[in-house]
Amino acid sequence: MKNLKWYLITSLIGLVSISGIWLFIGSLHQDRPDRSDADFIQSSVPTFFLHGWKSSYHAEQQMVNYAKKQGVTTNIIVARVHRSGRVTLSQNLNSAAKNPIIMINFDDNHMRDYHTDAKWLRNVIVKVRQHYHFTRYNLVGHSMANMTIYHFILVYGNDHQLPKLQKIVDIAGNYNGILGKKHQPIHIKNHPNMKPQEMLPAYQQLLKLRQTFPKKQIKILNIYGDYDHSGTDGHVANASTLSLKYLLNNRAKSYRVIKITGYHANHSGLHNNLKVDRILVDFLWRKH
1 MKNLKWYLIT SLIGLVSISG IWLFIGSLHQ DRPDRSDADF IQSSVPTFFL
51 HGWKSSYHAE QQMVNYAKKQ GVTTNIIVAR VHRSGRVTLS QNLNSAAKNP
101 IIMINFDDNH MRDYHTDAKW LRNVIVKVRQ HYHFTRYNLV GHSMANMTIY
151 HFILVYGNDH QLPKLQKIVD IAGNYNGILG KKHQPIHIKN HPNMKPQEML
201 PAYQQLLKLR QTFPKKQIKI LNIYGDYDHS GTDGHVANAS TLSLKYLLNN
251 RAKSYRVIKI TGYHANHSGL HNNLKVDRIL VDFLWRKH
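According to the UniProt record's numbering, the sequence shown is numbered sequentially starting from 1.
A portion of the hints provided could be inaccurate.
[Unchecked claim] Simulated pairs of lysine-lysine, BS3-like, Cα-Cα distance not exceeding 27 Å:
| # | residue 1 | residue 2 |
| --- | --- | --- |
| 1 | K275 | K68 |
| 2 | K127 | K219 |
| 3 | K164 | K253 |
[As the list claims (entries may be wrong)] Have a look at the derived ranges for each label pair, beta carbon to beta carbon:
| # | residue 1 | residue 2 | range |
| --- | --- | --- | --- |
| 4 | S90 | K195 | 40 to 48 Å |
| 5 | Q91 | S56 | 14 to 22 Å |
| 6 | P214 | K68 | 27 to 35 Å |
| 7 | M111 | G262 | 29 to 37 Å |
| 8 | Y255 | S56 | 23 to 31 Å |
| 9 | K54 | R86 | 15 to 23 Å |
| 10 | H115 | D228 | 16 to 24 Å |
| 11 | A96 | S230 | 45 to 53 Å |
| 12 | K54 | K164 | 29 to 37 Å |
| 13 | N94 | L162 | 17 to 25 Å |
| 14 | E198 | H131 | 39 to 47 Å |
| 15 | K195 | Q61 | 34 to 42 Å |
Because the hints were derived from the structure by calculation, they are not lab data.
Only a predicted model underlies this, so the values are computations on that prediction, with no experimental measurement involved.
Idealized CB from N, CA, C, for every residue including glycine.
I would like the entire structure built from these sequences, with the hints used as guidance.
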């Protein structure tokens, strides 16, 4: 009986010890912030996230949630753009908000008129500024949202009544077209300076940027996916995304290109890619 009692006690102690070890190991594998919020810029500069065609603000939620989890900000709102162009905010930003994020949602997410999209983007910026003072801002766009961004700059880039655009993160931009109907890459190649050998009409509309893009004002990060080493992200040819460089004509304050390969390097996967999340957070908010 005494031996049985001793056996039960030692077994219990062993189980408790093993449980403690596993709890400790589990704590080491939790998704902790890569760095503390002290490593990030603390400013009133808002960052606007734009979704692509036939999409919604939900497509950008992983990136935004990652930024929040890292300690970049706790101030996140949604700006709904109605079909009329009217903007309503899910809530107003507190005047003391740091690094606020505004997730834009276009009710008409099938709009192909980039000038209308650009006007709607301007409406969002003006609406937010009515309630929250800022003099600079950032933009993040995925897929066709990048066409909206550069048409916005084409029309409003030198509008002194607007705050100054500080940084842009372009993800999977389709500046010189997308893949064809049979999912074959458009047979367009770029010259070494990234000027397309053949320019589609949508690209030609942006050529004025070569003379009007705000000079040495905006830092740009251009992210693209090379899915299965195909030279495309499955939807947009890499050559189309990389043709942005020619449009900028060395007028950007800085221009950096990052290629994503492997898991989630496809077009839609790029906005659900942990590598992209980390790169984006470092570029927009990390202290340098």
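Quick check: which numbered hints come out false for this structure? 10
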